[in-house]
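A.B. asks: Numbering follows the working numbering, in which position 55 of the sequence shown is assigned residue number 55; successive positions increment by one, without gaps.
Any given hint could turn out to be false.
Straight-line C-alpha distance at most 20 angstroms; calculated DMTMM-like pairs for lysine to aspartate or glutamate [to be verified]:
no. : residue 1 : residue 2
1   : K38       : D65
2   : K35       : E87
3   : K35       : D13
4   : K52       : D34
5   : K39       : D13
6   : K100      : E87
Since the hints were made in silico from the structure, they are not lab data.
All values reported here derive from a predicted model rather than from experimental measurement.
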Amino acid sequence: MSEVLDRLAAVIDERRGADPDSSYVASLLHAGIDKILKKLGEEATETIIAGKGGERGQVIYETADLWFHSVVMLKFLDIEPGEVLAELERRFGRSGLEEKAARQVKG
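The task is simple: from the sequences and hints, build the whole structure.
C.D. replies: Laid out in structure tokens, this is it:
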């Protein structure tokens with residue numbers, strides 16, 4: 001899976017300098033973080049609706065859109081997908097409850 005995300009990140013990098021009128025990715029990157037986050041939110045909502053509907057193909061399609069727009073956001077913020085994968089790897093062997101407790105602010 002990381003190879004696909006790396007290839008996607010490379011394509012997004014390539015399109016960064018493209019004409020926003022001829023490239024969807026360039027138009028998102030040119031518009032800035034607020035536009036990217038709005039689109040990411042829309043895709044998250046569509047993924048939730050697809051999950052509720054339970055149709056396998058639609059869930060896969062919408063999740064692909066969500067992941068794509070997530071990588072666009074990461075690249076806009078100069079974060080590589082591998083950094084997110086490394087964080088997921090770090091969490092293996094630790095329960096979700098432990099992870100959540102470790103993140104809570106004490107005070």
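A.B. asks: None of the hints should be skipped; say for each whether it holds.
C.D. replies: Cross-check of the supplied hints:
With a C-alpha separation of about 13 angstroms, the suggested pairing of K38 with D65 holds against the 20 angstroms cut-off. The suggested pairing of K35 with E87 is violated, with an alpha-carbon distance near 26 angstroms, which exceeds 20 angstroms. Using a Cα cut-off of 20 angstroms, the hinted pair K35 and D13 holds, with the two alpha carbons roughly 18 angstroms apart. Note on K52 and D34: the hinted pairing is violated, with a Cα-Cα distance of about 27 angstroms set against a maximum of 20 angstroms.
The hinted pair formed by K39 and D13 meets the criterion: a straight-line CA distance of about 19 angstroms does not exceed 20 angstroms. Distance check on the hinted pair: K100 and E87 sit about 14 angstroms apart at the alpha-carbon level, within 20 angstroms; holds.
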